[in-house]
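These protein sequences, in sequence, are chains A and B.
Using the numbering used here, the first residue of the first sequence is number 2, and each one after it goes up by one.
Using the numbering used here, the first residue of the second sequence is number 2, and each one after it goes up by one.
Among these hints, one or two may not hold up.
If chains are identical, the list can't say which one is meant, so a pair holds when it fits in one copy or spans any two.
Distance condition first, Cα-Cα at most 35 angstroms in a straight line; then the derived DSBU-like pairs of lysine-lysine [as the list claims (entries may be wrong)]: (1) K165 / K19; (2) K99 / K114; (3) K43 / K241; (4) K184 / K43; (5) K184 / K19; (6) K63 / K124; (7) K184 / K277; (8) K241 / K114; (9) K99 / K43.
Calculated directly from the structure, the hints in this document are not laboratory data.
There are 2 protein chains.
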Amino acid sequence: MEIVSTNRSHGGVQGVYKHQSSETGTEMTFSVFVPDHAEGAKLPVLWYLSGLTCTHANVTEKGEFRAACAEHGVIFVAPDTSPRGDDVPDDEGYDFGKGAGFYVDATQEPWAKHFRMRSYIEKELPALIAEQFPADMERQGITGHSMGGHGALTIALRNPERFKSVSAFSPIVSPLACPWGDKALTGYIGPDRAAWREYDACALIEDGARVPDLLVDQGTADGFLADQLKTYLLSDVCEKAGQHAAIRMQDGYDHSYYFISTFMAEHVAWHAERLK
Amino acid sequence: MEIVSTNRSHGGVQGVYKHQSSETGTEMTFSVFVPDHAEGAKLPVLWYLSGLTCTHANVTEKGEFRAACAEHGVIFVAPDTSPRGDDVPDDEGYDFGKGAGFYVDATQEPWAKHFRMRSYIEKELPALIAEQFPADMERQGITGHSMGGHGALTIALRNPERFKSVSAFSPIVSPLACPWGDKALTGYIGPDRAAWREYDACALIEDGARVPDLLVDQGTADGFLADQLKTYLLSDVCEKAGQHAAIRMQDGYDHSYYFISTFMAEHVAWHAERLK
Numbered sequence: 002m003e004i005v006s007t008n009r010s011h012g013g014v015q016g017v018y019k020h021q022s023s024e025t026g027t028e029m030t031f032s033v034f035v036p037d038h039a040e041g042a043k044l045p046v047l048w049y050l051s052g053l054t055c056t057h058a059n060v061t062e063k064g065e066f067r068a069a070c071a072e073h074g075v076i077f078v079a080p081d082t083s084p085r086g087d088d089v090p091d092d093e094g095y096d097f098g099k100g101a102g103f104y105v106d107a108t109q110e111p112w113a114k115h116f117r118m119r120s121y122i123e124k125e126l127p128a129l130i131a132e133q134f135p136a137d138m139e140r141q142g143i144t145g146h147s148m149g150g151h152g153a154l155t156i157a158l159r160n161p162e163r164f165k166s167v168s169a170f171s172p173i174v175s176p177l178a179c180p181w182g183d184k185a186l187t188g189y190i191g192p193d194r195a196a197w198r199e200y201d202a203c204a205l206i207e208d209g210a211r212v213p214d215l216l217v218d219q220g221t222a223d224g225f226l227a228d229q230l231k232t233y234l235l236s237d238v239c240e241k242a243g244q245h246a247a248i249r250m251q252d253g254y255d256h257s258y259y260f261i262s263t264f265m266a267e268h269v270a271w272h273a274e275r276l277k
Numbered sequence: 002m003e004i005v006s007t008n009r010s011h012g013g014v015q016g017v018y019k020h021q022s023s024e025t026g027t028e029m030t031f032s033v034f035v036p037d038h039a040e041g042a043k044l045p046v047l048w049y050l051s052g053l054t055c056t057h058a059n060v061t062e063k064g065e066f067r068a069a070c071a072e073h074g075v076i077f078v079a080p081d082t083s084p085r086g087d088d089v090p091d092d093e094g095y096d097f098g099k100g101a102g103f104y105v106d107a108t109q110e111p112w113a114k115h116f117r118m119r120s121y122i123e124k125e126l127p128a129l130i131a132e133q134f135p136a137d138m139e140r141q142g143i144t145g146h147s148m149g150g151h152g153a154l155t156i157a158l159r160n161p162e163r164f165k166s167v168s169a170f171s172p173i174v175s176p177l178a179c180p181w182g183d184k185a186l187t188g189y190i191g192p193d194r195a196a197w198r199e200y201d202a203c204a205l206i207e208d209g210a211r212v213p214d215l216l217v218d219q220g221t222a223d224g225f226l227a228d229q230l231k232t233y234l235l236s237d238v239c240e241k242a243g244q245h246a247a248i249r250m251q252d253g254y255d256h257s258y259y260f261i262s263t264f265m266a267e268h269v270a271w272h273a274e275r276l277k
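In isolation and in its complexed conformation, chain A is listed as follows (with noise of 0.2 angstroms):
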C-alpha cells in the first residue's frame, strides 16, 4: 500500500492511498479517515460507496463526515466504483464502466477480467484495512450514496455476520427494475435475469436475506427518484418481509453532495450507536 496524501483533520488523519488489487488487477485508490484514538485501540469501520462517475474524492471532500466519525470514534473507507487504467475496457456511457462498477463480479467479456468491485470490497480490501489501519473489524457498518447505496444494501444483505449496521442515501433499490440496473446487469452479468437477484437488494429480501436494522434517506426532489431510485419498491418489500427498515423521504432534496452531506453527520450517529 502506498500513500497518496494525508492531511490532517478534524484531530485525527484524512488519508488517500492506493495499491495494487489482485482482484481487479489494477492500481486502486482508495480513502481512510482516522480519527485520534489511544494508541494501541482499535475502532469499529464505516464503509461508504460511491455512486456512478465518482472516485473516493467526492465524499472525501463534499461529504461533511469527519467531524462526526472524530465525535464517534469511527475509521471511515471511501473506495473508488470501479477499476481504472488504459487497460480497462469502458463505455460511452457515465452509467456503465468506469465509474460504474455497480459492486458485482462481472462474468461477461470483456469485463469479467478487471470489473470485479463484488469481490474488492468483501475480501481484498477489508483484509488490506484491517492490516494496515487501527480497525476493529468485528465491528462494521456499511452505507453509500445511490450505485453505492445499492452496494452497500446488496452487500449488507450477503453478508449478516460481517456488517452490524447498513444505511444509505438514495440508493438505487433495485437493478432488476430500472435502466441503470438494466444496463448494468445485462452488461456485467448477461441476459439471465435470475442471476442478478444477488445484485438486488429488494430480491434478496423477497429470498430471504435480512439485516438487523436499515437506514434509507431519500430526497423528495431527486430527479432519479422516479424511474431508477423506486424507494417503495423497498418499501414495500421490506414490510411485507417484516424487515425492520426506517426509510425517510426528505422534502425537497436532490440527489447531491448537499443532500447527502446533510444527513451524513445522523447517518454516522446512527451506525455508532450499532457499532458500540
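Let chain A serve as the given structure and place chain B on it in line with the hints.
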C-alpha cells in the same frame, strides 16, 4: 442577478448566483447559503473571502459551514477571488491576475479596469446581498482564508463600522513582508510601498486601525507559514498595539480545506455570538 443553481442543504438553500458587476466590468459569480428562517426574518451575514486560485466553489463544496450556519441562523456569502473572462488580463503565475485579485482596487495598467475587488466587496456586492436576500446588514461578520484572510482582515480594519466580527484562517498578514504580496501589490498598486499600507493588516493596525476582537487559526504544518504567511508579525503588532486577538497555532494542520473545515464550525459560532 441570475440563479445558477440552488440546492436544499442542512434545512436551508445553498445557491450560486451571477450578476453583471459595474465595478469589475465582468460577470461575477458568488454563492450564498440561507438557513431555514421565519418568514420576514432578517439574518446576520458572514462573508468568506477565498484564497489564491479559488472561486466561490471551493468553500461552498468543502468548507463544512452549512451545519453551523443552520444551527446559528447565519447567512454565508462566498464571492469569487477576481474578475474572470476573456477580456480580463491575466498572468502566468497562480498568484497574480485571475484567481488572485488580492481584494484591492488596482491602479496600474492593464489591471485597473477590471481588478476592483476592494470596491466590489466593500460596496457593490453588499448592496446586492441586501436587496436580494433576507440579510440584516447591521449584523455582518467577515472571515477568509490565506489571500482571503488578508482580504477579511484589511477590509474589516478599514470598515470597523460595517463589521461586528472578523476572523481568518491562515491569513497573509502582511503583503509588505512576503513574496506573494510583493508581486501582487507591485503589479496592482505600483512600486510606492507607502500606498500598500491600506492593504496590509499589520500596517493598518500600526497606523491605528482597530477591530473589536480577532480570531485567527493557523496550521503549524502549513507549507506557506514561514515565507508567506508569517503569523508572528500579526501577533507582534497586535501585542504592541493592544489589539485584542486570539491567534491560535494548530498543531499539524496544513493550508488545505481539511484544515479550514476542521475549525469552520468554531468560527461560525464565534461570529454568531458577536452578531446576536
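Going down the list of hints, with the structure as the test:
When the C-alpha separation of K165 and K19 is checked against a cutoff of 35 angstroms, the pair qualifies only within one copy, where the shortest distance is 27 angstroms, while the shortest distance between copies is 47 angstroms. For a Cα distance limit of 35 angstroms, the shortest separation of K99 from K114 inside one copy, 13 angstroms, qualifies, whereas the shortest one across copies, 46 angstroms, does not. In this assembly of identical chains, K43 and K241 lie within 35 angstroms of each other by CA distance neither inside one copy nor across copies; the values are 38 angstroms within and 48 angstroms between. For the homomeric pair K184 and K43, neither the shortest alpha-carbon distance inside one copy (41 angstroms) nor that between copies (49 angstroms) is at most 35 angstroms.
When the C-alpha separation of K184 and K19 is checked against a cutoff of 35 angstroms, the pair qualifies only within one copy, where the shortest distance is 29 angstroms, while the shortest distance between copies is 38 angstroms. In this assembly of identical chains, K63 and K124 lie within 35 angstroms of each other by CA distance both inside one copy and across copies; the values are 27 angstroms within and 32 angstroms between. Taking CA atoms no more than 35 angstroms apart as the test, K184 paired with K277 passes in neither setting, with 40 angstroms inside one copy and 54 angstroms between copies. Proximity of K241 to K114 under the C-alpha cut-off of 35 angstroms is found in neither arrangement, the shortest distances being 38 angstroms within a copy and 68 angstroms between copies.
With identical chains, the CA atoms of K99 and K43 are at most 35 angstroms apart within one copy only, with a shortest distance of 34 angstroms there and 47 angstroms across copies.
Hints 3, 4, 7 and 8 from the list above are not met by this structure, while the remaining hints are.
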